[in-house]
Amino acid sequence: MDSPQHFLSPQPFDRAFLDNVLDRAVRMKHGADKRLLEGRSLGLLFFNRSLRTRTSFQVAMFQLGGQCVNLTSSSDFWDLEPEEGKVMDGSAPEHVKDAARVLSSYLDAIAIRTVPFGRNYDVDRRDAVIHAWAKQARVPVLNMESNVHHPCQAMADLMTLRETFGELKGLKVTLAWTANPQPQSAAPVHSLLTAGAKFGIEFTVAHPDGYDLDAGILADAKAEAERAGSTIRVVHDLTEGCRGARAVYARSWPSLECYGQPTVEAVKRSRFTSWIVDGARMRATQDGKFLHPMPVRRNVNVTDEVMDGAGSLVYQQAENRLHSQKAILATFLKS
Amino acid sequence: MDSPQHFLSPQPFDRAFLDNVLDRAVRMKHGADKRLLEGRSLGLLFFNRSLRTRTSFQVAMFQLGGQCVNLTSSSDFWDLEPEEGKVMDGSAPEHVKDAARVLSSYLDAIAIRTVPFGRNYDVDRRDAVIHAWAKQARVPVLNMESNVHHPCQAMADLMTLRETFGELKGLKVTLAWTANPQPQSAAPVHSLLTAGAKFGIEFTVAHPDGYDLDAGILADAKAEAERAGSTIRVVHDLTEGCRGARAVYARSWPSLECYGQPTVEAVKRSRFTSWIVDGARMRATQDGKFLHPMPVRRNVNVTDEVMDGAGSLVYQQAENRLHSQKAILATFLKS
Amino acid sequence: MDSPQHFLSPQPFDRAFLDNVLDRAVRMKHGADKRLLEGRSLGLLFFNRSLRTRTSFQVAMFQLGGQCVNLTSSSDFWDLEPEEGKVMDGSAPEHVKDAARVLSSYLDAIAIRTVPFGRNYDVDRRDAVIHAWAKQARVPVLNMESNVHHPCQAMADLMTLRETFGELKGLKVTLAWTANPQPQSAAPVHSLLTAGAKFGIEFTVAHPDGYDLDAGILADAKAEAERAGSTIRVVHDLTEGCRGARAVYARSWPSLECYGQPTVEAVKRSRFTSWIVDGARMRATQDGKFLHPMPVRRNVNVTDEVMDGAGSLVYQQAENRLHSQKAILATFLKS
Chain Y
6 MDSPQHFLSP QPFDRAFLDN VLDRAVRMKH GADKRLLEGR SLGLLFFNRS LRTRTSFQVA
66 MFQLGGQCVN LTSSSDFWDL EPEEGKVMDG SAPEHVKDAA RVLSSYLDAI AIRTVPFGRN
126 YDVDRRDAVI HAWAKQARVP VLNMESNVHH PCQAMADLMT LRETFGELKG LKVTLAWTAN
186 PQPQSAAPVH SLLTAGAKFG IEFTVAHPDG YDLDAGILAD AKAEAERAGS TIRVVHDLTE
246 GCRGARAVYA RSWPSLECYG QPTVEAVKRS RFTSWIVDGA RMRATQDGKF LHPMPVRRNV
306 NVTDEVMDGA GSLVYQQAEN RLHSQKAILA TFLKS
Chain E
6 MDSPQHFLSP QPFDRAFLDN VLDRAVRMKH GADKRLLEGR SLGLLFFNRS LRTRTSFQVA
66 MFQLGGQCVN LTSSSDFWDL EPEEGKVMDG SAPEHVKDAA RVLSSYLDAI AIRTVPFGRN
126 YDVDRRDAVI HAWAKQARVP VLNMESNVHH PCQAMADLMT LRETFGELKG LKVTLAWTAN
186 PQPQSAAPVH SLLTAGAKFG IEFTVAHPDG YDLDAGILAD AKAEAERAGS TIRVVHDLTE
246 GCRGARAVYA RSWPSLECYG QPTVEAVKRS RFTSWIVDGA RMRATQDGKF LHPMPVRRNV
306 NVTDEVMDGA GSLVYQQAEN RLHSQKAILA TFLKS
Chain A
6 MDSPQHFLSP QPFDRAFLDN VLDRAVRMKH GADKRLLEGR SLGLLFFNRS LRTRTSFQVA
66 MFQLGGQCVN LTSSSDFWDL EPEEGKVMDG SAPEHVKDAA RVLSSYLDAI AIRTVPFGRN
126 YDVDRRDAVI HAWAKQARVP VLNMESNVHH PCQAMADLMT LRETFGELKG LKVTLAWTAN
186 PQPQSAAPVH SLLTAGAKFG IEFTVAHPDG YDLDAGILAD AKAEAERAGS TIRVVHDLTE
246 GCRGARAVYA RSWPSLECYG QPTVEAVKRS RFTSWIVDGA RMRATQDGKF LHPMPVRRNV
306 NVTDEVMDGA GSLVYQQAEN RLHSQKAILA TFLKS
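One line per chain: the protein sequences are Y, E and A, in this order. Take 6 as the starting number for the first sequence in my numbering and just add one per residue. Take 6 as the starting number for the second sequence in my numbering and just add one per residue. Take 6 as the starting number for the third sequence in my numbering and just add one per residue.
Treat the hints with caution; some may be incorrect.
One copy or two, either will do: identical chains are not told apart, so a pair holds if it fits within one copy or between any two.
[As the list claims (entries may be wrong)] With a straight-line cut-off of 25 Å between C-alpha atoms, the simulated SDA-like cross-links for lysine to any residue are:
{"id": "1", "residue 1": "Lys91", "residue 2": "Gln266"}
{"id": "2", "residue 1": "Lys174", "residue 2": "Ala220"}
{"id": "3", "residue 1": "Lys34", "residue 2": "Gln266"}
{"id": "4", "residue 1": "Lys273", "residue 2": "Gly316"}
{"id": "5", "residue 1": "Lys174", "residue 2": "Leu223"}
{"id": "6", "residue 1": "Lys174", "residue 2": "Ala233"}
{"id": "7", "residue 1": "Lys39", "residue 2": "Glu89"}
{"id": "8", "residue 1": "Lys273", "residue 2": "Glu88"}
{"id": "9", "residue 1": "Lys91", "residue 2": "Val272"}
{"id": "10", "residue 1": "Lys91", "residue 2": "Glu172"}
{"id": "11", "residue 1": "Lys34", "residue 2": "Asp242"}
{"id": "12", "residue 1": "Lys273", "residue 2": "Asp19"}
{"id": "13", "residue 1": "Lys174", "residue 2": "Asp214"}
{"id": "14", "residue 1": "Lys39", "residue 2": "Phe67"}
{"id": "15", "residue 1": "Lys273", "residue 2": "Ala97"}
{"id": "16", "residue 1": "Lys140", "residue 2": "Phe277"}
{"id": "17", "residue 1": "Lys91", "residue 2": "Arg251"}
No wet-lab data here; the hints were simulated from the structure. All of these numbers come straight from a predicted model, not from anything done at the bench.
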């Protein structure tokens, strides 16, 4: 058996491959490739909640002639053991290995949203659960958001930027850390940075002291940017970060300095409630557009004025989840 | 963009419109209009449990060539903020406005069952949640039972009465409050009263002292009845209420005098356990039929004798949910 | 109305009938009978969790042109009262009778996984819940695992044995009790024993003292085996039970001597952790194959060596759930 091709992160794919997916997404938005996946079944495994992802995948498969089988771990099934060789006398009655092999015999692909543990970053950064699935599955595994990556979101983000600006090379995009009551995963930011660098986007990452991105992800993205002829800079002031940007992409993420220490993180985080994307900051951009992977906490991440303003691309970006996922499905389920 | 036409209550629609929906429902029951919604997706958002509604909508869409995307808030997604302008630093990570806009870009319509809060009637009677969805959605919103209305149930009720009696004008129908361990929403009664009055049904509302229907709903229904040449009367004795009726429609509802005071309500309610539709009361009718929107608490709302008797229309009424919802879908998704 | 034919257990069906279902399953595995159930809807009612059954039924119906409506009691609906004549003032707001009648008017068949109560075997052995559904439903009821039977699993088991060995008559199959942290239902073992005896399989049942199978099920299977010219023997040593077997089928089940007494059962059960299917025991077989209805607790029920060895049929067996259920659906939904 040939190993199936998975979509766990944008990292293994080159610009030409990703470009083809984006081109296909645009054609699909205009009605091409209908019923390309007639009779196919995609499993959706949710170990965490979802509104946009769940709905857009179900509509995507249906419009392509297939179906989704929607599986929510909290109500539908049980704990799965990811480690090999264990004596399984604990809470998990089944091994990922066996669930993956069995589901591979029913389904044409398996899409997974994993649980962000948030306890130990050395564990979480390895994304062990989705890699265990990918290792064992005999069909493609698609990442619907793991601890580290959210590649389907990144493809919708790039599609939206390309629709708006035409050319991605040299485009100034600010990845803006924002206030939020709880830490959220950095996965959408990691995937957009990883994929966007391959296209030569000029990223500015703006975050408070102590909220550095994962050093490995950032180093890889810088190397990719260099190959594509662009640079990535980091600043520690939101207004400075927005200056001159064509697009501001807002997301909160955790402090790796106190990862797994929620009380310490909460105190640190409470000092940065002024990190909100507002009208003044958007006026510092170069007629900049606003993006956000959603869900949005209005008047905490971003003001109503910006969210509802003419420069907001958030709904177009969310709609593009549907079209880009159809392109991803058509690409990976055919391979 | 033209504003989509929603189905939140029967109130805005005239008799001719509702008649067309009923005619279509009958044709659909006999097999017409197959696959009219080929490739369309209907979102079902449940903020409260459902068996009949969930199943009948999923079968309805499938038989019309579409699909449902089934979303249960308790396990699938999260709290949504309905108020505008809020600083969203509380439990809700997303605004109804944004969920509605995003889902509108994936789905062809959104059907919603809201949570009955039961705390403050001045709040609940405004049905703010479903109206917030309707205001923001770019696709039709269908009410699968809100605090105040259950229009899909009312259409199935009217279809069943028309099948049984032919003509609705002048038909004597008793809306009978019954015993029940907990208060239930008055939504099915409100919608049947509102819609039936337009057809000139002669309603008798029978309930114990202190269980008056919402004054605004009742006044509107009386005005509609008058226009249609009929009347609505209220009595406070179940046997008297059944006398001469062609149909008895049973449902419990809360006392508005002690709404939001569950202990007080429970004491008051416990005095009325004799409000059960039984054989003696049905023998006081004019060969009357029995209807109930279900679920039925046997031998509490109604005796087994009546439920299982020849005059029970409950299963036909429940089956008509399927046919009338197909007609509703065909009407609103095409508009 | 003719009473529909249900599939609650293999017991009422003769060998020829079951043989036809298996033949059809093989043809379906090779692509026959596509879209035989175009437009049909199957309800899946889960009162207990499921991964394999839920997924394989949804894929089966879709590949046959139909759909499943997936209903999970814990999140989607409510308690249902199974007893007739009750005054329903308790926790259940609806009667099985009414749910079954109403769902029969929407769905073409109803598949049910019941809750194993595990309190009182005299109650549980009657399988009252699934029989209440079967009595009231106007469409076929399919058992997706009740307290006593799991006939869909048994059909996949027999299909797998037939694929591997050709002829079932005289085939030596060992039903091996294994260690497990909690008791599991004996349903898969009951159904395989009941169905396999009709085909003349030579069963050996191996279990520790105090873990006797249900006497009635065993007596019926022995009578069927005798008619088919074979015998069923019981041994109390796992290695002895494996000796000479062509296939070993592993499953844990509860002790009927202390059913409903979890603490007593746990102590008894803790004495038998050596009841694991391992390489040494498999080498005592006659080139035996390994089967398990899953989920598998690795290195508790069976060692990794056996699970991942060349003699393991578990993934083929799990895949055959899909094909055999398509044959079951085609058989019962057409009748």
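(message) Output the indices of the hints that this structure fails to meet, ascending.
(response) 1, 3, 4, 7, 8, 10, 11, 12, 13, 16 and 17
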